[in-house]
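Chemist: What follows is each chain in one-letter form.
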Amino acid sequence: MTLEVEDLRVHYRTLRGDVKALDGVSFSVADGEIMGVVGESGCGKSTLGKSLVRLDNRMKHVGGSITLDGASLPIADDRAMNRFRFKSVSVIPQYAMSALNPTRRIGRLVADLLAAHGISYAATLPELTRRLRLVGLPERVLENYPIELSGGMKQRVVLVLSTLCDPALLVADEVTSALDVSTQRAVAETLVEFRDRGYVRSMLVVTHDISLVYQIADTIMVMYAGRLAEKAPSDVVVTEPLHPYTQLLIGALPEVGARFSERRLTGIPGRPPGLRNPPQGCRFRARCPLAFDKCAEQPPFVEVATNHRVACWKAGS
Amino acid sequence: MLRFEAVWKTYRLGAFGTRELTAVRDVSLEVARGEVVSLIGESGSGKTTIGRMALGLAAPTRGRITFDDVPVAGLRGRALRGYHRQVQGVFQDPFSTFNPVFKADRVFALVRDGFFPSVPAAQWRQRVEDALEGVRLEPADVLHKYPHQLSGGQLQRMLIARALLLDIRLLVADEIISMLDASTRIDVLNLLGELKAKGLGVLFVTHDLALGTYISDRTVILRAGEVVESGPTEEVFAQPRHEYTRNLLAAVPHLHTRWNEPVK
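Protein sequences, first through last, are from chains G and X. When you number the first sequence by our numbering, it's gap-free, plus one each residue, and the end is 422. When you number the second sequence by our numbering, it's gap-free, plus one each residue, and the end is 265.
Chain X with its partners taken away, still in its complex shape:
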């Protein structure tokens, strides 16, 4: 579905763009229907840049990004809007994604105004309720509330519900659970797992290896913009081939095993 072919991204920095920073080097990857691909890397590894390029928010400097064989970078106006109907992103901080003076139902009404102006209000309301139930939120609990009255987990699920209203086929999830408590994290992950079973493709960007393995089918490990290792999740974690992956795995804190003890 989504395909990156030898993509590079260079940012120009400083006065008059005199300095260059290559954030992504020669990255190729693919996300198929009903597949979760996790993109794991430390800060500065280019994982967010890749997410932004997949959403069409940044254009690659070199290489091609295609969605169903249509190049993403060239989309403008109506075509870009059509693309965003199918591909949506959810980002790290649920508290700053929402406009604090809009109640939740208004956030959903904006989606209607923007994408489905012909749908009547009553029918739209039904669709909003279905989408909220799809992410296991009780519509009465969240509609007519301001963002500050809802918890982080609820907000993050509402963002996913908002994305689902658009019949999306690919979700770019950029660190969506880093800000959540352990008790609600797993609910959001399970939700992604269920959506995946229904055919949604997910590009799951994270720095947390444990969360990455839980739902992903394939894992791509990035370092300084380059793909260090990629493959089926079980293989990458059971037999990491690259030194960097091994070091990364060794540093993950496990319950029941201390760092200086051998892994059971």
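With the rest of the complex left out, here is chain G:
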């Protein structure tokens, strides 16, 4: 068991009250598992990824616990987390392209980063160049400034940097969203390769692109309005989703070859509820075609089949 998240609650402080971005999220990630986290914008998926690594000062840890390899992660304590960051939990931020300091050569940047964690640059260099070569980057990128690299190259540099200490958990937040299709594929496949080679033990891939995450993830977790809607092996989520939200989300995806003139796809009417005062009961109720009286009550996130959990009253029956 690598990661265990129990009833995690994270709120954002705003002048008009707390925004309940994560409201009771529990799940676990096994050794060597790549878990995809998908959902619409504002559903809390990025907050989930961030809260495992660093809460920024607007975020408040309200409740719940996170355990990594049996040790509890002190996510509410920014200082205490320093010991875990980079070495056991690492992140590839959403805008990896702007994560690199533009005034430093890549090599200098790596040296600074390692020094901050008390690791020798000279001793790490052979491994670093080996991994750079593995992702198709020549050793001389260390002499380059970030501006001299393309978007895909920068993304791969950040990927190599974040995993340099073989972290137990890597959070990849929308790493492929800003890339072109062919680069997207290369970066996504590198993520899998890093897992296979053991550079990263487990991974949380946060994205809005279900078709992409389906390519690389073992498990897919669908979030809606700060809660989990469905979690299952990726084949199950895509072929036989049980939560109406997942079904509608997958139904809204145009495939290459789908044509407007032949078969009309439909979107999901309405928009997700605001999380300052989330509605009682099932949060998808207002947009759900199957909603009935019982949905006024919060559905539990229950296991309906092996490894398949759903929060919907209609799913179990």
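Please keep in mind that the hints were generated in silico from the structure rather than gathered at the bench. Check before you lean on any hint, since a few could be wrong.
To be verified - Distance windows between CB atoms, simulated:
hint: 1; chain 1: G; residue 1: Arg-118; chain 2: X; residue 2: Glu-6; range: 38 to 48 Å
hint: 2; chain 1: G; residue 1: Arg-302; chain 2: X; residue 2: Tyr-12; range: 41 to 51 Å
hint: 3; chain 1: G; residue 1: Glu-248; chain 2: X; residue 2: Arg-13; range: 26 to 36 Å
hint: 4; chain 1: G; residue 1: Thr-344; chain 2: X; residue 2: Pro-233; range: 23 to 33 Å
hint: 5; chain 1: G; residue 1: Glu-248; chain 2: X; residue 2: Arg-77; range: 47 to 57 Å
hint: 6; chain 1: X; residue 1: Gly-18; chain 2: G; residue 2: Glu-360; range: 26 to 36 Å
What the hints assert, rightly or not - Chain G residues, not near chain X, derived (Cβ > 12 Å throughout):
hint: 7; residue: Gly-122
hint: 8; residue: Pro-231
hint: 9; residue: Gly-241
hint: 10; residue: Asp-340
hint: 11; residue: Val-343
hint: 12; residue: Thr-344
hint: 13; residue: Ser-366
hint: 14; residue: Arg-368
hint: 15; residue: Leu-395
hint: 16; residue: Ala-401
hint: 17; residue: Pro-405
hint: 18; residue: Val-409
Said to hold, decoys possible - Which stretches of chain X does chain G cover? Using the computed rule of at least three CB atoms under 8 Å from a CB of chain G, they are:
hint: 19; stretch: 171-185
hint: 20; stretch: 189-202
hint: 21; stretch: 207-215
hint: 22; stretch: 252-259
Where is the CB? At the ideal position from N, CA and C, for every residue including glycine.
Starting from the structure of chain G, add chain X where the hints point.
Modeler: For chain X alone, coordinates are given in the frame of chain G:
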């Protein structure tokens, strides 16, 4: 309707324009009435430059762009305004297109001030409501609201409604759905499909092949400013002739099929 004939565009860069960057090389294409042409390419392939030239926001370095056989590049003043009455653009980021301190009805009022100063306010209001209903927005939901109170899909549809107020015949849609969620994306695409049936021509610029095929009649694939392949959408996707198109198609993530499995 809109025709590009061997169009080139070179940008001058650096101090005193010492360096040159050719963004578009020898591109010829045509958009007819009631036709959606999708322009697909990776970043830096010149697709946005083509969109800007179609809107008359940039002049071609060489070649001719004509709309109903009138050259677009030479339009100035009143003629350019008349052109924009027929051709409008909608861009990628709906959140930065709107002025954040203007409410939605003021955005529409500006269109009246600019293009139809003689239309009385009451009649204009009716036209705004019709245009909003045309893009399947409830007028009461969006008018009198600030942009930050509306969702991305609503804003993007409002931009299309704003364009429709001008009786446009051609819409340049530059990555209009890239910023939207999957749940609202398809609504905007379906809307374009409906408008197309009413005779609107659309130049649909995108990097997403799946979205490109969904509504387009013809597809133009660009690489580094050059047309790699173009033709009816079914043909380009079913039998890509160019190596580049094949590679691009192979990299698209599909549901139900993994990259390393053969396509079913």
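Chemist: Hint by hint, work out which the structure violates, then give me just those numbers in ascending order.
Modeler: 1, 6, 10, 11, 12, 13, 14
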